[in-house]
Structure formats: structure tokens, C-alpha cells
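Trainee: With the first letter of the first sequence counted as 1, position 64 gets the number 64 in the UniProt record's numbering; the numbers rise by one all the way through.
None of these hints come from the bench; they were simulated from the model.
All values derive from a computational prediction rather than experimental measurement.
Be aware that one or more of the hints could be misleading.
Said to hold, decoys possible - Straight-line Cα separation of at most 20 Å, SDA-like style, residue types lysine to any residue; simulated pairs:
(1) 102 - 68
(2) 58 - 139
(3) 24 - 58
(4) 24 - 72
(5) 139 - 89
(6) 102 - 71
(7) 65 - 106
(8) 44 - 68
(9) 58 - 104
(10) 19 - 45
(11) 65 - 142
(12) 56 - 95
(13) 106 - 130
(14) 44 - 71
(15) 24 - 91
(16) 102 - 141
(17) 58 - 100
(18) 44 - 2
(19) 138 - 118
(20) 58 - 91
(21) 56 - 16
(22) 65 - 102
(23) 65 - 141
(24) 65 - 114
(25) 106 - 129
(26) 24 - 55
(27) 44 - 140
(28) 56 - 8
(29) 24 - 89
(30) 106 - 140
Claimed, not checked - With beta-carbon atoms standing in for the labels, derived distance ranges:
(31) 44 - 77: 21 to 31 Å
(32) 143 - 106: 21 to 31 Å
(33) 23 - 71: 11 to 21 Å
(34) 23 - 75: 16 to 26 Å
(35) 105 - 75: 33 to 43 Å
Each residue gets a CB set at the ideal place from its N, CA and C atoms; glycine is no exception.
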Amino acid sequence: MAYWLFKSEPGTWSWDDQKAAGAKGTEWDGVRNYQARNFMRDMKVGDLGFFYHSVKEKQVVGIVKVSAEAHPDSTDDTGKWECVDLVEVCDLANPVHLDEIKNEPKLQEMVLVNNSRLSVQPVSAQEWEIVCRMGGLKKLPKS
DNA sequence: GCCAACGTTGGC
DNA sequence: GCCAACGTTGGC
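With the hints as constraints, model all of the structure from the sequences given.
Mentor: Shown next as C-alpha cells:
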């Protein structure tokens with residue numbers, strides 16, 4: 001069981017779009033970065049992730065779950081790129097802003113803080129718990 | 001809107 | 001295989 005963080009510009013694919021996709025979920029397609037792809041290859045069904053809005057909002061807004069392991073990206077015709085499928089799990093009662101993460105001493109090692117450009121990132125179990133708490137979740141979501 | 005950081009491309 | 005040039009991302 002691993003934890004991840006998925007970044008998206010709300011103008012391209014927002015948390016509302018993700019929720020509208022419902023229980024069927026959607027492909028997390030369009031990733032064209034090898035590091036990000038390799039992380040997706042490591043994912044297992046049931047892994048949980050944060051859904052982060054980049055650029056304008058800069059906050060974690062929800063929790064998603066991996067519903068299908070890495071498979072070819074249907075928006076790619078080169079055969080190089082892969083993606084996983086994600087379904088919505090729940091909202092964060094209080095979205096956790098990037099500033100709050102940067103101000104939390106225990107979160108200084110987060111990839112989000114150190115490599116803001118990577119769009120799919122691993123999150124440690126400790127970081128997961130801290131951000132969930134900051135987000136107002138009373139109990140940690142189950143996979 | 002700017003620019004730093006990072007990734008990719010292509011010439012050598 | 002190196003590295004300069006270029007493009008993109010995303011925080012500020």
C-alpha cells in the first residue's frame with residue numbers, strides 16, 4: 001500500500017471533473033514525463049493519492065484511489081506512455097494549501113516542496129497522515 | 001507576466 | 001556521450 005500525489009491544473013482537469021467521473025473513474029492520461037510514468041508503473045490497485053490543484057490554487061483538494069494499474073495511455077500514439085485509472089474517494093474538508101505544507105516542518109521532505117515540477121509523486125506514510133489531518137479528515141481513508 | 005528549474009532535443 | 005539551446009511547468 002503506497003501513497004501518491006497527482007497534480008493537475010484545474011483548467012485542464014479539475015477535482016470537480018474527477019468527481020463527475022464518478023465510481024467508474026478515469027484514465028490519468030496525458031503524462032509525458034518518464035519519472036512520473038515510472039511512478040505510475042509502481043502503483044497497485046487500492047493505492048491512495050492526493051489530488052492537487054496547481055498554478056492558481058496550489059492546494060490539495062481531495063483523495064483519489066488507483067482503480068487500474070498502468071496501461072497504455074489512450075491519448076498517446078507512440079506507445080511510450082502509460083497511465084493508471086483513478087477514482088474519487090473523498091473531499092478534503094479543508095483543502096491544504098502549498099503555503100501550509102511549506103510551513104510545516106515535518107513536510108519539508110515532500111517532493112511537492114522540493115521538485116514542484118514533477119506531476120506524479122510518491123508520498124510517505126507519515127506525510128500522508130499529516131496532510132490528511134491538516135485537511136480535516138477524522139480518519140484516514142481506506143483503500 | 002516573469003523567470004527559475006527542469007526535461008528534452010539535436011548537433012558535434 | 002556531452003552539452004548548448006530550447007520548451008514547458010509552475011511558483012512567485
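Trainee: If a hint holds in the structure, say so; if it does not, say that too.
Mentor: Hints versus structure:
Among the hinted pairs, residue 102 with residue 68 is inconsistent with the structure: their alpha-carbon atoms are about 32 Å apart, more than 20 Å. Between the alpha carbons of residue 58 and residue 139 the distance comes to roughly 24 Å, so the proposed pair goes past 20 Å and is violated. Annotation: proposed proximity of residue 24 to residue 58 is violated, straight-line Cα distance about 26 Å (limit 20 Å). Between residue 24 and residue 72 the CA atoms are separated by roughly 18 Å; this keeps the pair inside 20 Å, and the hint holds.
About 13 Å separates the Cα atoms of residue 139 and residue 89, which keeps this hinted pair within 20 Å; it holds. Note on residue 102 and residue 71: the hinted pairing is violated, with a Cα-Cα distance of about 34 Å set against a maximum of 20 Å. In summary, the hint linking residue 65 to residue 106 is not supported, as the alpha carbons are separated by about 24 Å, beyond the 20 Å threshold. For the given pair, residue 44 sits about 8 Å from residue 68 by alpha-carbon distance, which is consistent with the 20 Å threshold.
Only pairs whose Cα atoms come within 20 Å are accepted, and residue 58 paired with residue 104 is accepted, the gap being roughly 15 Å. With a C-alpha separation of about 18 Å, the suggested pairing of residue 19 with residue 45 holds against the 20 Å cut-off. Between residue 65 and residue 142 the CA atoms are separated by roughly 9 Å; this keeps the pair inside 20 Å, and the hint holds. A threshold of 20 Å between alpha carbons decides the hint, and for residue 56 with residue 95 the separation of about 14 Å falls inside it, so the pair holds.
About 8 Å separates the Cα atoms of residue 106 and residue 130, which keeps this hinted pair within 20 Å; it holds. With a C-alpha separation of about 12 Å, the suggested pairing of residue 44 with residue 71 holds against the 20 Å cut-off. At roughly 17 Å between alpha-carbon atoms, residue 24 and residue 91 fall within 20 Å of each other, so this suggested pair holds. Among the hinted pairs, residue 102 with residue 141 is inconsistent with the structure: their alpha-carbon atoms are about 23 Å apart, more than 20 Å.
Under the criterion of a C-alpha separation no larger than 20 Å, the hint pairing residue 58 with residue 100 is consistent with the structure, at around 10 Å. The hinted pair formed by residue 44 and residue 2 meets the criterion: a straight-line CA distance of about 8 Å does not exceed 20 Å. Restraint check for residue 138 and residue 118: not satisfied, since their Cα atoms lie roughly 29 Å apart, outside the 20 Å limit. Note on residue 58 and residue 91: the hinted pairing holds, with a Cα-Cα distance of about 16 Å set against a maximum of 20 Å.
At roughly 15 Å between alpha-carbon atoms, residue 56 and residue 16 fall within 20 Å of each other, so this suggested pair holds. Between the alpha carbons of residue 65 and residue 102 the distance comes to roughly 25 Å, so the proposed pair goes past 20 Å and is violated. Of the supplied pair hints, the one linking residue 65 and residue 141 holds, its CA atoms being roughly 10 Å apart against a limit of 20 Å. Among the hinted pairs, residue 65 with residue 114 is inconsistent with the structure: their alpha-carbon atoms are about 24 Å apart, more than 20 Å.
About 11 Å separates the Cα atoms of residue 106 and residue 129, which keeps this hinted pair within 20 Å; it holds. The hinted pair formed by residue 24 and residue 55 fails the criterion: a straight-line CA distance of about 27 Å is larger than 20 Å. Distance check on the hinted pair: residue 44 and residue 140 sit about 18 Å apart at the alpha-carbon level, within 20 Å; holds. Restraint check for residue 56 and residue 8: satisfied, since their Cα atoms lie roughly 11 Å apart, inside the 20 Å limit.
At most 20 Å may separate the alpha-carbon atoms for a hinted pair to count; residue 24 and residue 89 meet this at roughly 12 Å. A threshold of 20 Å between alpha carbons decides the hint, and for residue 106 with residue 140 the separation of about 18 Å falls inside it, so the pair holds. Checked against the hint of 21 to 31 Å, the pair residue 44 and residue 77 passes, with Cβ atoms roughly 27 Å apart. The supplied range of 21 to 31 Å is met by residue 143 and residue 106, whose beta-carbon atoms lie about 23 Å from each other.
Hint check: residue 23 to residue 71, Cβ distance near 19 Å, so the stated range 11 to 21 Å holds. Between residue 23 and residue 75 the beta carbon distance is about 22 Å. The supplied range of 16 to 26 Å therefore holds. Take residue 105 and residue 75: their Cβ atoms lie about 40 Å apart, and the range 33 to 43 Å holds.
Checked against the numbered hints above, the structure breaks hints 1, 2, 3, 6, 7, 16, 19, 22, 24 and 26 and satisfies the rest.
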